[in-house]
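Got chain A sorted already, so can you dock chain B onto it with the hints?
Protein chains: 2
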Amino acid sequence: MELSCPLPVIGTVRTGHREKETTPIQAGVNRAEHATLEVAERYRDGLDGLQGFDYAWLITWLHQPDQAGQPPLRQVPFLLRRQQRAVGIFATRGPRRVNPIGLSLIQVQAVTGATVEFAGVDLLDGTPVLDLKPYVTRFDQPPGTPRSGWFDEVTFGDGVTPRQLAP
Amino acid sequence: MELSCPLPVIGTVRTGHREKETTPIQAGVNRAEHATLEVAERYRDGLDGLQGFDYAWLITWLHQPDQAGQPPLRQVPFLLRRQQRAVGIFATRGPRRVNPIGLSLIQVQAVTGATVEFAGVDLLDGTPVLDLKPYVTRFDQPPGTPRSGWFDEVTFGDGVTPRQLAP
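Protein chains in written order, with this note's numbering: chain A, -2 to 164; chain B, -2 to 164.
Check each hint, because a few of them may be wrong.
Note that the list lumps identical chains together, so a pair holds whenever it fits in one copy or between two copies.
[To be verified] The calculated lysine to any residue pairs, modelled on SDA-like cross-linking and capped at a C-alpha distance of 25 Å, are:
(1) Lys17 to Leu127
(2) Lys17 to Thr134
(3) Lys17 to Cys2
(4) Lys17 to Val157
(5) Lys17 to Asp51
(6) Lys17 to Met(-2)
(7) Lys17 to Arg135
(8) Lys17 to Leu70
(9) Lys17 to Gly110
(10) Lys17 to Val151
(11) Lys17 to Leu4
(12) Lys17 to Glu(-1)
(13) Lys17 to Leu0
Derived from the structure by calculation, the hints contain no laboratory data.
Pulled out of the complex, with its shape left as it was, chain A reads as follows (with noise of 0.2 Å):
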């Protein structure tokens, strides 16, 4: 089954990256970088009370060009490029996905007319962005520290990119 639904883009993100070799693997772990979310103008006034949350899931769309046609379901991901250890693709936040849906914790800096600044980037430059959603403590922080499969096998330095993890 297939929706074929048009997507608004509501903004684009402005970052300093233009190559996926190069750009972070995740916002979460780059939180020492910052970036700007440009909303359109037709959607500025859905910002309205953003400015009181830390944080917010950033919503992104990644199609890329050069990579047409549905991806494979299990791949290496960037941390298992040196083992080539390949799993399933919905046990990975990998970008080749079957909907190249982009979720991206961003921490909120300011808020200004259309503009959001932000720290934690993990995107290129020209992202477009679907949807926006403050990060709410109660709804999205599960009790204790949740098992995270083969991320908990892995250990990794904040900012990597997928080129500092070649084999």
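Just chain B, lined up with the frame of chain A:
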């Protein structure tokens, strides 16, 4: 700007809910209830490795045919119904969004074949699923207890439904 992309449905959620007004507002505060994700057979291999994660993000398509057209950019969230206070759509977690994409934090109970049993239910029966991403503590858990804007000013019990919040 608007994207026009096919959105393959990777699976369907099976819950006991058929009416929005009596469906709990958020998975993260309704963990006592269990439900099932039936992944389409063709995507089954993508679940390989998910079993090792305690939690996952369910990304869903919340299109409601009775609510066509663009939603208002300021809305009264379910939790502010009694106060009748409106906030910007990007400062709420409500289902009427520019792109009706839902984000539910589910607790993975069991992965059997193409079926994922989970705890934490906030979806109508039959909701189409666009993506499933593992919850990775290091990516998804911000330090401390982040400020959650207007949510920090309201009190509500687990499993609360829109009907219970009616003015």
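**Q.** Structure versus earlier hints - violations, ascending order
**A.** Checked against the structure, the hints that fail are numbers 5, 9, while the rest are satisfied.
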